[in-house]
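Protein chains: 2
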Amino acid sequence: MKRKITTIVMALLAVAVVSAQQVLSPNGNVQVIFSLDNGGQPTYSLLYKGEMVINPSHMGFELARDKHANKGMNETDLLTGFEVKDYKVTSHEDTWTPVWGQYKSISNNYNELIIDLYQASANRNMTLRFRAYNDGIGFRYEFPQQRDLNYFIIKRERTQFALTGDHRAWWQAGDYDTQEYPMQVTRLSQVRNRITACASFDKPGAVGKRRTDYTEDRMRDAVVWDNASQTVFSPTGIQTSLQMKTDEGLYINIHEAELVNYSCMHLELDDKNMILESHLTPDAVGNMCYMQTPCRTPWRTVMVSDDARDMLASSLILNLNEPCKIEDTSWIHPTKYCGVWWEMIVGHGNWHYTDEFPSVKLGMTDFNKAKPNGRHRANNDTVMRYIDFAARNGLDQVLVEGWNVGWEDWANMWKEDVFDFVTPYPDFDIKMLNDYAHSKGVKLMMHHETSSSADNYERHLNEAYSLMNRYGYDAVKTGYVGDIIPRGEHHYGQYMVNHYNWVLREAAKHHIMVNGHEAVRPTGLCRTWPNLVGNESARGTEYEAFYGSNPNHTVILPFTRFQGGPMDYTPGVLETRLANWSDNQHIVHSTVVGQLALYVVMCSPLQMAADLPQNYEKFMDAYQFIRDVALDWDDSRYIDAEPGEYITVARKAKGSDNWFLGGKCDEKGHRVDVRLDFLDKGRKYEATIYADGKDANYETNPASYTITKKIVKQGDVLKLVEVPGGGVAIMIKAI
Amino acid sequence: MKRKITTIVMALLAVAVVSAQQVLSPNGNVQVIFSLDNGGQPTYSLLYKGEMVINPSHMGFELARDKHANKGMNETDLLTGFEVKDYKVTSHEDTWTPVWGQYKSISNNYNELIIDLYQASANRNMTLRFRAYNDGIGFRYEFPQQRDLNYFIIKRERTQFALTGDHRAWWQAGDYDTQEYPMQVTRLSQVRNRITACASFDKPGAVGKRRTDYTEDRMRDAVVWDNASQTVFSPTGIQTSLQMKTDEGLYINIHEAELVNYSCMHLELDDKNMILESHLTPDAVGNMCYMQTPCRTPWRTVMVSDDARDMLASSLILNLNEPCKIEDTSWIHPTKYCGVWWEMIVGHGNWHYTDEFPSVKLGMTDFNKAKPNGRHRANNDTVMRYIDFAARNGLDQVLVEGWNVGWEDWANMWKEDVFDFVTPYPDFDIKMLNDYAHSKGVKLMMHHETSSSADNYERHLNEAYSLMNRYGYDAVKTGYVGDIIPRGEHHYGQYMVNHYNWVLREAAKHHIMVNGHEAVRPTGLCRTWPNLVGNESARGTEYEAFYGSNPNHTVILPFTRFQGGPMDYTPGVLETRLANWSDNQHIVHSTVVGQLALYVVMCSPLQMAADLPQNYEKFMDAYQFIRDVALDWDDSRYIDAEPGEYITVARKAKGSDNWFLGGKCDEKGHRVDVRLDFLDKGRKYEATIYADGKDANYETNPASYTITKKIVKQGDVLKLVEVPGGGVAIMIKAI
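Note that the protein sequences, when read in sequence, are chains A and B. Residue numbers for the first sequence follow my numbering, beginning at 4 and rising by one. Residue numbers for the second sequence follow my numbering, beginning at 4 and rising by one.
These are computed hints drawn from the structure, not numbers from a lab. C-beta atoms are modelled at their ideal positions from N, C-alpha and C, and glycine is treated no differently. Keep in mind that the hints are not guaranteed to be accurate.
Unchecked claim - Below 25 Å or equal to it, Euclidean Cα-Cα: the simulated DSS-like pairs (lysine-lysine) are:
no., chain 1, residue 1, chain 2, residue 2
1, B, Lys512, A, Lys364
2, A, Lys364, B, Lys736
3, B, Lys158, A, Lys212
4, B, Lys206, A, Lys206
5, B, Lys212, A, Lys70
6, B, Lys512, A, Lys512
7, A, Lys158, B, Lys158
8, B, Lys212, A, Lys364
9, A, Lys212, B, Lys697
Stated by the list, open to error - Output of the computed footprint for chain B on chain A, the stretches with three or more beta carbons under 8 Å from beta carbons of chain B:
no., stretch
10, 57-67
11, 106-114
12, 275-288
13, 380-394
14, 414-420
Said to hold, decoys possible - Chain B is faced by these chain A residues, among others (derived, beta-carbon under 7 Å):
no., residue
15, Gly42
16, Arg214
17, Thr215
18, Gln295
19, Gly491
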């Protein structure tokens, strides 16, 4: 049910309600109205161009009754009984320069409303801060240092987002331990059906269990299931960021910014009333967050626009984060890499070295004496071959997974002492290989799979980073596969959020860039710590080898997962039919050109050329685009976009006059006319166009493509055609 | 109910039962009989001089049904269905030299029975190892590496100790987080009454809650309650070590040895049948231990003798531990110390520096600008005064508690980022004070209160130890006050056991000795890691200032807590009436001489002279004994002993011809005639005898004492009289 309330009525309402405040975005389109309802409960609404987007929604917290919270503290909740003590509206405008990203410089322009609330019954102060940008809002709670609120424990955050209708949504089931489910495209009213088709819930609050009639061959579409670690908490739970579109064509995206020392927010959907409410991730004893004043929550963000492209172009989440804390960022750089990885993912080789033992123990098992299984891919010959390929073909680094002892038992044992991060297998000569790489102008990329044994990783961290420095590594891919140790904690709880951030800060001390897989999804911290060059934290290319992903998957992720930070999606699998070189019968649900397009459409300073060298050698003409594409940008122009259907974007390479254009589409294909009005006037460019063949199709004919060159200039129009699951990739080089 | 079964009957029984094995101690007094009952359940018995001590008792494990245990593993328990595959009896005799302790060298003489069991239904192997010593037994479970048992999770260990009667016991209520309850002296049948007088249990398996009719003024005798962290798990739960005495006068002590990578064992008493069963400490998710083969449990130990002195003289638990793992032990030494501590314990000063803030945050709060509260004792002047005292009066080190920022919020907040272990308060000049100490031939002793934020401690550990090395500290007292972080874990669970051992090994790398307060009680690991110079892990002297401890407390602890390792009891409070110098109205329940006696009776390489310098200055003649007493011994001779009543012991100072004698008693007083037959023949000695005054009494006249000198020789008899709560302390110096 939708309600339309005009600005006039709202203004009247604002007058009628005791104590209502508001703030508008600089261009006046976005409006936040704050008030206290009858019981003194904080309430906000969001309007866009005079139309209600978020109906009046409550805010606040339930606190845990716990002996560790302030002794003698009045244990009423932070929900009601508030009055406005003071409020202020200010404006802010500045420009800042990111170390890497979509743009050379970013404008941070907002109007801010700060409201100081006072809860008389408990003598407590709570501040709300709303920032209204032209493309949305961010708001957070702040708790000043004060006598009667020092240590408190959040049992439940009650931040609502009361929607105006049963919107269309691109969503993923809420889970405390995984983000690798396939994206769903349904109205919100269908969330419950979709989740309960796979999972049953014994009673309210129980964790979902896979339904016995839901079998593994249905994994590809599994709304939930099946991962090394997962905790589906509700039949109507949803992860953020959540992308929605109203029937009126308004795009809305809900997420959070600056997740620091707090628990990750999911959304719980009340599908009777279409109200979303914050749902935090619990710890081992059922509490959400441990707070000490002065403190603040992350920003809750709502992006809103009638233009889908604004969802992708926005810098709202980055703007809400703290400025860069690293003084000298010269050691942080974009990285294009290949890796000893895809071969194992496909099942054509092992991470582990030996099958001789029933299990292995670090420091006890003598790998030097063990019988190699002959399928260990992280060996000297293979790595040297990848180094040669990288050196000859314009890649910066070679990732090597499986280089270190322990992989025999690496997953699903809940093993604490699983890796030491410093001891190589007998067939990986760490010194020789790094010397060899450096002699060819290439680096190796480190891999730290933690198996979610977080404390074990921290115990070894200093040694592991020192080893990296010693051998000339400057980037590490981390992993958190499996259930967390300390046992009882979840991947996205406050404890693990603090762990990921601890690791990031320690890495910065060692001048190391971090790419965190299976970690909490990013929330813009890469502005503050730009050595966080990537995360996975969603369903990446590897799932094509496991179960497959729908062709629209990569056209949804930029709207959802990419809010808050880039993704190491690991594209570039040009041999999309895995059976052509392995026993794996799956396909990558994309054409060859679709894979190329992802380097532009999915903006990331870290990009993998994921396929095997020998596969690239079958597509060297197409590979040329991967070689040439930039990873860091002065500017980005979104041409057209619709979640799950198509994205077309042009980006200008940093410090260069060259542009790259990428277009990706779903299984319906796409046509788009691109006017090259972003080129410099009076200059000539050579466009190299990588296009799907006329008869190409992701499923039946993925490897059909054409490469054509033409001279272009400002104002020219390119008529582009993308086939089902395909795309287009263009390098526009200034002559 | 008692049963007497003679050796002959047992031998018949052994023949009658299918598959029974046995092993005898070298002198034949101690006998273990093993068999499998009808269902193939491992069962053992213990006899002493032909009499049953432990009736046939079952052994084994319940395993957790958990996805992390070996996939496909037959998840039957390790309880029944066993057969004996093989067994062997061997003898062992060696002598080894401890770095410090009661003796210069220790004889390790035992007969061992190893039984290889096989559980056909699950194709699993389990080995039992029994060692029979002249003063008791140790036994453990071992799991060889094998195909069908790799990773398993223990849900319950089911090791029984079926007693032959309702023995008298010196016991403490079982608890996952504290060992600081007062010792109880009752028959086992009274355990339930004693515990349920203080605590109520909602339902089976629930944690005890303090009964509302049990008020704080009864804290002195509280069987359980009231500590910063506690988890009373059962109305009939008991900690180890447990000291017992049968009506026939047999002394039995149950404990464990070599607690490594396993959960600490308590005992659950079935008070209908007088059967004790192992009760492990659970983790955050309710599991006990995570195991990976090859692995083993700690030793379960049963000491037995008809002579109480053997309980104190025994080296059984040390003998069961692994030999020393530290190559160069020259940096490990006995330490006599005073400290800036007792004054705060009594309430006459603070650990914390300022009262200006509602709370403090490390790295944010500027302590340099804070208003000092004027009661912060860890300040330059006070510390220098203690250094002067130590230097003039034969002490090696000065402990300083409260030297580092964070004490304002140190306890009961469940605060993760509570200390950094490196930043001093503004009035503690760490460089100046260490230089000053060293110039006087004294060291400072480091203090690391972790507030149970274990992961925080590990994050800072390397920096904290490097700081110690830099400033010349070589010993640290650690503390674990409050509930553990990671939240949900307990002080004595496998996770924390691994933490304490990690800390110990890291300390050894830095040549640092560790004295662990509130950590798990020791189990003989000081043989393997002799830098573990002490633990508290029981109710120490400080409780005299909080609630008081009964006079028999220090006459029980050597039988119970001291099994497995020394205790930092911190004796030497000569001004036993705290009201004489503070607002604290409590007394130390001991005479002055009783305090001196503890230095000999409670054997520890680390001994504190706990009182304030200004209090010692009132008792400098008595203090002389503290100054002179040795801390490390070539030999120890127990003269007489009875748990909770009296202990009299003579010890020969290491590398010297001098002896020290100490006697301590309970509120009944004690008389003992000591024949000096341990002195060298033909040699003269001067004995300085510190004795209670005739009219002395711990309560009414504690400070009455005499100091007399006399010449003695081998064979002389000293007639010693100890008053209620008193003792005797004698230095016997070779002339």
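message: Under the constraints set out in the numbered hints, which ones does this structure not fulfil?
response: 2, 7, 8, 9, 10, 11, 13, 15, 16 and 17
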